[in-house]
Each structure stands twice: as C-alpha cells, then as structure tokens.
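**Q** Chains as they are written, first to last, in full-length UniProt numbering: chain A, 1 to 250; chain B, 1 to 250; chain C, 1 to 250; chain D, 1 to 250.
What the hints contain is simulated information worked out from the structure, not anything from laboratory work.
Just so it is clear, the structure is predicted and the values come from calculations on it, not from any experiment.
Check each hint, because a few of them may be wrong.
[Said to hold, decoys possible] Each computed DSS-like pair below joins lysine-lysine, with the alpha-carbon atoms no more than 30 Å apart:
hint : chain 1 : residue 1 : chain 2 : residue 2
1    : D       : Lys246    : C       : Lys131
2    : D       : Lys131    : B       : Lys246
3    : C       : Lys14     : B       : Lys131
4    : B       : Lys177    : A       : Lys14
5    : D       : Lys246    : D       : Lys177
6    : C       : Lys177    : B       : Lys177
7    : C       : Lys14     : D       : Lys177
8    : D       : Lys177    : D       : Lys219
9    : B       : Lys131    : B       : Lys219
10   : A       : Lys14     : B       : Lys219
11   : D       : Lys219    : B       : Lys177
12   : A       : Lys246    : D       : Lys246
13   : D       : Lys14     : D       : Lys177
14   : B       : Lys177    : B       : Lys219
15   : C       : Lys177    : C       : Lys246
16   : D       : Lys219    : D       : Lys14
17   : B       : Lys14     : A       : Lys14
18   : A       : Lys177    : D       : Lys14
19   : B       : Lys14     : B       : Lys177
20   : A       : Lys131    : A       : Lys14
21   : C       : Lys177    : A       : Lys131
[Stated by the list, open to error] Going by beta-carbon spacing under 7 Å, a handful of chain D positions derived as facing chain C:
hint : residue
22   : Arg13
23   : Val143
24   : Pro149
25   : Thr151
26   : Glu152
27   : Lys202
28   : His236
29   : Thr238
30   : Pro250
A virtual CB, placed ideally from N, CA and C, is assigned to each residue, including glycine.
Here is how the chains run, residue by residue.
Number of protein chains: 4
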Amino acid sequence: MRMVIGNGYSFERKTQRVTIWNEYIHERTNPQVAAVYPQGIHSALVQGLQPYGFLMRTAVLDQPEQGLSQEVLEETDVLIWWGHLAHDRITDEAVDRIQARVLQGMGLIVLHSGHRSRIFRRLMGTTCDLKWREDGRRERLWVVDPSHPITEGIGEYFELEHEEMYGEFFDVPPPEKLVLISWFPGGEVFRSGCEYTRGLGKIFYFRPGHESFPTYYNKNVLRVIANAVHYVGSAHGTAPVYGETKALEP
Amino acid sequence: MRMVIGNGYSFERKTQRVTIWNEYIHERTNPQVAAVYPQGIHSALVQGLQPYGFLMRTAVLDQPEQGLSQEVLEETDVLIWWGHLAHDRITDEAVDRIQARVLQGMGLIVLHSGHRSRIFRRLMGTTCDLKWREDGRRERLWVVDPSHPITEGIGEYFELEHEEMYGEFFDVPPPEKLVLISWFPGGEVFRSGCEYTRGLGKIFYFRPGHESFPTYYNKNVLRVIANAVHYVGSAHGTAPVYGETKALEP
Amino acid sequence: MRMVIGNGYSFERKTQRVTIWNEYIHERTNPQVAAVYPQGIHSALVQGLQPYGFLMRTAVLDQPEQGLSQEVLEETDVLIWWGHLAHDRITDEAVDRIQARVLQGMGLIVLHSGHRSRIFRRLMGTTCDLKWREDGRRERLWVVDPSHPITEGIGEYFELEHEEMYGEFFDVPPPEKLVLISWFPGGEVFRSGCEYTRGLGKIFYFRPGHESFPTYYNKNVLRVIANAVHYVGSAHGTAPVYGETKALEP
Amino acid sequence: MRMVIGNGYSFERKTQRVTIWNEYIHERTNPQVAAVYPQGIHSALVQGLQPYGFLMRTAVLDQPEQGLSQEVLEETDVLIWWGHLAHDRITDEAVDRIQARVLQGMGLIVLHSGHRSRIFRRLMGTTCDLKWREDGRRERLWVVDPSHPITEGIGEYFELEHEEMYGEFFDVPPPEKLVLISWFPGGEVFRSGCEYTRGLGKIFYFRPGHESFPTYYNKNVLRVIANAVHYVGSAHGTAPVYGETKALEP
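With the hints as constraints, model all of the structure from the sequences given.
**A** Structure representation (structure tokens):
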C-alpha cells in the first residue's frame, strides 16, 4: 500500500526502475572474460542487485536503438553504464537522448571504463582520461565522506584482491562530492567515487569493475552500487521553464 | 514489517526521530508573537510536520540540560533548531554534546535566526553574521539546484507574503550545495537553503521563519523542512577510527 | 626586468595575453546597438581594459578560422567571449580547438549571452538555458564570496542602471565558486559570477553585458573582467600524462 | 616603482608579508629533531623561502602574547602555522584574534600536525582527527587539480623519501578545492592539499612536515608553500557591513 499526502509526498521508499546497460562484447569474444561473466556483466549485476528490490531491466549495444530507445529511457529512474571497446559506436542521437533524460532527472551510474563513454564525456565537458595498468593487484577504496549515503554499510574502507589500476590525474571536473579514494600498491591514487549533478539529474562515477576480475560479485561493490541507485534515483525538483518571462509581483 | 537483507540494508524509508528545539521566549513574552504561535514555534512545527510521519518530540531552553541531554540526543536522528534571543544561554557543555552528535551522524536543520546560534557558529567556524530588516514584505525563494531532494514538490520558486529580510554577505563557508536563493523587494538577495556536512553529519540551513509571521504554517516551508529531515537524516557511513594505526597489506 | 629563480618562479605579475572574441553582428546591423558600441563590443573592451596593462588582441566571427586559429589560441593566456546571434556558426573544429586549449590551461571568460555559446555548453555538459527579459531595468550584483580575488575593488555590491534580466534556473553545473548573485527589480535572482575548472583551465562566467546598454563602459564591470583575467590566467600545474603506466617505487 | 591606476589596481605582484609561527619545542628538547632543524622549523622555512622574495618574520610560542599580538597579526598577510605538542597552550584570546584576522582576509597556511591546532579546529568546526604512523617511509603526493596555482612547478606528483603517514578519514569539512592526495606504502591515502575560505580569508592545509624528517628543505615542499603564500595572500573583496539595513532603490 502506498500512502500519499498532499504535495505528492510518499511515505515509502521508491521502487527504483533500473536499466543496466552493457556493451557486452568482451564476454562474447574473450574466453577469459566469459569465464568470469558467462552471461555478461549486466546479468551479473542484475543477480547481485536482486536482494535490493529494484525493478531491473538490461540493455545492450546490439539491440535496436542500442537498447536505449526514448521509451526505455522514460521508464528508467537510474541508468547504469558499462562500456569499454565500443564507445564510438554509440550514436549522436543516443547520446543526445540520454543527456536530455539526465537533465530531466534520470540518475546515472557510470562504472569503470565507462569513464571514456561518450555520455560521460558529454556530461563532464572534459576528456575523462586517466592512467591505467592491468596488473590485477589489490585495490583499497577509502571512504573520505562518511556523511554520504553511498557509504552506508561498507566500513572505513574495503578491498578488491585483483583489479586494474586507474591513476591520477583523472581529467574530470572536481567532483561535487568526493566519496571514495583508491589506493593501489603500484604507487597511485584515484578519485574512485565521484558525485556530480547536471540539470535535475544526479550522476555517480564508480571506478571498480575490470572485465577480467570478479569485481561485480563483491558484496561491498554491490552495496555501493545499490546505495548509489537510491542516491541518484532520489527525488528532484520541478522541471524549470526557460526563455522570455514576465516580471513578478514586487 | 521491516525487511532487512545482508549488510544492514532496509527496504523501508526510515522513520526519522526528530527533536524540535525552540528557545520559546518570544511566544511567552510578546503578545504579537503569541498571537501567531500561541503554543510556540515548536508546537506549530510538530503540527505542520504531522502528515509526514516522523517520530517527533520537542525540547525547549528552560528544561533541564536545556532540553538536550545526552539521552535525548542519542535518540535523535534529526535536530531542528530555532533560537534568537538567548543564544548565549546555551552552555559550553550543550554545544559540545550537540557538535559531537552531529559529527557522529545526527542531522541538523538550523532555522532562520538560528544562524547566530552557538552550535551553528561552532560548526561553521565563522561569525554567521548577515544584514537584516524587519519590514514584513515579500520573500521569494528560487530553486537553484533542482537536482536536490530538498526541492521536491515546491515548484521553481515559492513566496512568503510577509517576512523579515536577510541580506548578503552571509558570513558562512560556501555551502557544499546551494539549494535556494531568496529575493527581497528592498533590493537584497540571500543564500537561503545551504547544505553542509561535518563528520558523519549533514546540516541544512533554511532561512525563513521570523517569529512574528505565520511562516511555519506555509505548506512549502513545511515541505522543505520535511524534505530536509529525510535528507539530513539519511544514511551515513561507519564511524572512523582515529590515531596510531598499523600498516595494511600491500 | 624579469627575475626568475629556480623552479621557474617569477617575481613579477604575468603580462596576460588576452584575446577578446566578439561575433560582431548586432553592432553592424542594429543602429541602436551601433550607437552604444560604434566600434563593436570587442573594441570597447580593449579600450576599457587598457589601463590594466594586458597584451590584448581582438578576433571576430568573420575572420578566417573564425578568428581563432591554432596559432592565435596558442598565443592566448585568456580568451574573452561575447556571442549571441551566431552561436551555431562556430564550427566543430573551432569548438574542439578552444576546448583543447582550455584543458591545457588557457583561461576563459564567458560574457552574458555567451552562456549559450557552443564552447560554454561543451565545457559545462548542460543546456546553459535560463529565463530572460529585455526590460532595461536595474541590476544589482551582490558579492557572496568576498575572499575571491575577482571581487577586489568593487565593494559589497554594485549596480547597473539598465540591463537585461537573466533569471534562475540557470542550467549549469553548480559553480565551483559562486562569486556574485544578481538581484532584479522584476523579482528574479541569478548566479552572475561563476567559477569553473576544466583540466588545467580556469573559466569564469560573468552575466552583465546586453548589447543595447553601455555595460562595458562601467568601471565595476571592467574591474571584474580585469580581475577575472588575472584569476583565470594565473598559474597552473603540469600537463598530465595519460594512458598505460608502469608501477612506481614503493 | 609601483604603478597604481584607479580603483586601487596595482600592476605589481604584491610583496607578501609572511609570519611563520612555530611552537618551537621539539627542536629544543629532542636531539634527533635538533639535528634536523638546529635553528627550529621556522628558521628553516625562512631560509627555504628566501628566494621567493617575501617579507618574512617568525613568531614562537614562548614570546609575549604567544608571538601573535594584534599588531603582528595586522602586519601579516599570510600566517604559516606549525604546532604539535602545545596546541592547548594557545589561549582563547589568541585563537579569537587569529580567527578574526582570517575572517578579515589574512591568509593562513596550516602545516602537518597543525591539523590539531586550536585555530584550525576553530575554523573547520570539526575534530580534524586522522590516522597516523611514524614509520618514516615514502610519501608520494599526487596533483588532482592541475588548474590550481598552488600546483605550479611541482610536476604531476612529487615524493618525500621519509615521512610520517597520515591516513583517512581526515575529519575536516570537504575541501573547497582538493589539490593533492598522498599515497603511502603502508596502504593509506590522505587529502594532503586542501583549500578553504572563511569570511574574506583563504586557508590552505598542507600535510607534509614531520619534525624528525628534513621535509622543509625539499624544494617541492618549499615551492608548494611559496605558491600557497601567493594564493592565500592574494586579493580579496571589501569588508561587509552586518546588521540592520535600509531598503535600496528598486
């Protein structure tokens, strides 16, 4: 039962409608990756997020309209994005549609190599470049903003035994809230949990998730993503009116 | 029924335990104010926030330990603060207790003349001074961050027919998120909705609420406060450990 | 005489090389505008900024490469941008070139209707839309960050007798530093002085400057622009290396 | 020769008047520290900063008024602070005086263990606690905001062979600009270069500088401090008027 009082206020936590987009290439072409994610990263995420009660669907590059038609986007509260090899195959029209939906309030979670996706670069205004090294060593993610809801339930830090390294400088605008910083044994640091807003939309970039490591089975990684779904999918204000306008009462 | 899955995650929107603190002097000493808030500003807020389903209690200056014992604070998720005449009567011990609880994660909403309260100045590190004029003219509050959950349900702007003016420069650190800017017919502007974090705690300063005007009966004002309760009362991370520490595994 | 010590440090204030870009259409097609800026807005700015000792050049839309060849950009420390009617005539190549130079450290000052320029939208990742009204009434700009060097010498606020109104919501990312808020008699407010960074570059958006009003002869407006030249043209760090990288010493 | 044009604008880079405050205890009581800083950390800083042309003076705890009389503060553009053992010996009056001067525009650079100084905690509103370990291993400081003037001349990162470790969570408000992040071989990260503003004043916290290591002889450390002197000592706006005020012209 959903109780609603005046002004549209609801007592219940919203059931987030989540669309998990994956380019889904590595898993079908690289046996090593297929061994880790036999049904694709998107399916692993659906399975891992199941306990959190979201209404989930998946979308992949090879689908019509690259899986992200206007209809799908309009039925999406939060879009999760994983891409790596095929950023350039996303059409201008798709990037335009997704950007418009973010500005209207759709939440966006960009994972790992999605840092170079066209939609993230479009929303950031920068190259989103970084340093990297595929050495499969440890990553330790430190919480630097424990007031942030995205940090609930993950402790002061958590570790991934095997990950790709990403290092600074990460060419993004300064995060509006910086939530996590990664430590790598090879000597680098990285801003790994970054909040942004664009228009009515909230965006979270979350670093881990190289395709050849079982990162998306890790309970802390899944918890961060679930927390982020609630955060970027949370309420927003009214769509503004732009253009010529009359004077108001003094 | 409260369903909880591993890692402490709950499906339900948390029932926020709210303590509304009011110095409660104007309403007992000034007939004009008593006419507007016969039971005190705190009681008007309890009544106005009733539909939102919070677990509310009130506290006033004249109570033992100024209404805010350690026990009360520990049972409080969100503290709402209204004060004006008696900021200096709050003891060092009370300020210390409240600050410690904010750093541990208690949400804090500071209303109107609470800008000069000892607890707000303590948390800001500045004088929190401003310009003011009690002319009872219009205030128009514009949303400048419609991505923020605190702006849900209030439109692009809302108005109060009669309010005190507060003008810039407002001597606070730059808000981490600036949500509302007020326009006043006498020529001033003011940063009226300001988010801060301190430790694990989230803080929201909300400007309106002069004691001689019926501001806390306004539905938009109440909606902002209710939204802010959920926002500053939302989840946070783990309490950090400080001090000497051993090296971790590479 | 320029004294330099080790590490590239110089004692002198840098002589900023400023390129003032203007689309230069209104002034040649609208007699009312021509009456205010007979030689164009760019020439008025050159004249007004003369006392500040910058090394200035101008560039306009009708020049080859739209006045902004790679050579010009490389010799520019700070680019000032005024455009309104012809945003869409700026080519993709020009936008790419300018963005790349900003990311490499060139300062950018975007004036008034330049909010809708392709380069500003590219760098912001949003529509940069807003409300407007050409009523030629007063604008009062309040300083809300007096710690900012851009506010030197302009007092607590300053006024323009006749300006176009711009109103919120202004669809830009939250400014990294919000310096000025405008008050308009018709009831609106606007974030009028906004600092951003992108890569090594610093950006300042400054609202005033409608083509039919003598705004760019106002000494406070000129002072803000001169301060902003020094600010966005100030030192930056080293160009980062991106891509695959070897582990460093532990 | 100093040329000045209307509106108080000067062509020259300001000669910063710097006061270096040191509690000066370790160096007189611990032979190991005395071996590194025989004349005290303050004297090493004076010597190291000599090439930058500042007008420097030193102040130490044992002087009358703890070295920071009203007169000294009024003649100071930038105050540099090193303290560790004797934070509690700073009187309320001294903390009040320093805070007031920061709010009026004096720059403040807080070094290393100064994180726990009364003045820094007063200005931050938090405990400023952190993790630490005196293991004397490497520190590598990464630039995460290369647009920031404080990063000029230090490369993408720089290293200190022997330093104390400081680890997150660092209980400070989120920096308004985060400039440097430290990597430590024992597995921690730290926000090592943090900009804040309070009133008209600019503040920079800079992590390195344990008393038993020769950190303040390192040319990159000195360059950061010199850059920071110019940054926090740079221009600011007009002192605001607070209190009751008349309506302005519409």
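**Q** Answer holds if the nearest beta-carbon of chain C is closer than 7 Å to that of arginine 13(D); otherwise answer violated.
**A** Holds. Min distance 4 Å.
**Q** Taking 30 Å as the top limit, are the C-alpha atoms of lysine 177(C) and lysine 177(B) close enough?
**A** At roughly 11 Å apart (the allowed maximum being 30 Å), lysine 177(B) and lysine 177(C) satisfy the hint.
**Q** For the pair we were handed, lysine 131(D) and lysine 246(B), check the Cα-Cα distance against 30 Å.
**A** holds (10 Å)
**Q** Tell me if the straight-line CA distance from lysine 177(D) to lysine 219(D) falls inside 30 Å.
**A** holds (23 Å)
**Q** Are the Cα positions of lysine 14(C) and lysine 131(B) separated by 30 Å at most?
**A** violated (38 Å)
**Q** Lysine 14(B) and lysine 14(A): Cα distance at most 30 Å?
**A** holds (12 Å)
**Q** Holds or violated: the hint that threonine 151(D) contacts chain C, with Cβ atoms closer than 7 Å.
**A** holds (3 Å)
**Q** Decide if the proposed pair is consistent with the structure: lysine 246(A) and lysine 246(D), CA atoms, cutoff 30 Å inclusive.
**A** Since the Cα atoms of lysine 246(A) and lysine 246(D) sit roughly 27 Å apart, the hinted pair holds (cutoff 30 Å).
**Q** Given the hinted pair lysine 14(D) and lysine 177(D), is their alpha-carbon gap at most 30 Å?
**A** With Cα atoms ~23 Å apart, lysine 14(D) and lysine 177(D) stay inside 30 Å; holds.
**Q** Would you check the hint for lysine 131(B) and lysine 219(B), treating anything up to 30 Å between C-alpha atoms as holding?
**A** holds (26 Å)
**Q** With a cut-off of 7 Å on the beta carbons, see whether valine 143(D) makes it to chain C.
**A** holds (5 Å)
**Q** Lysine 246(D) and lysine 131(C) were given as a pair; does the straight-line alpha-carbon distance stay at or below 30 Å?
**A** holds (29 Å)
Comparing the model with each earlier hint shows violations of hints 3, 5, 11, 15, 18, 20; every other hint is respected.
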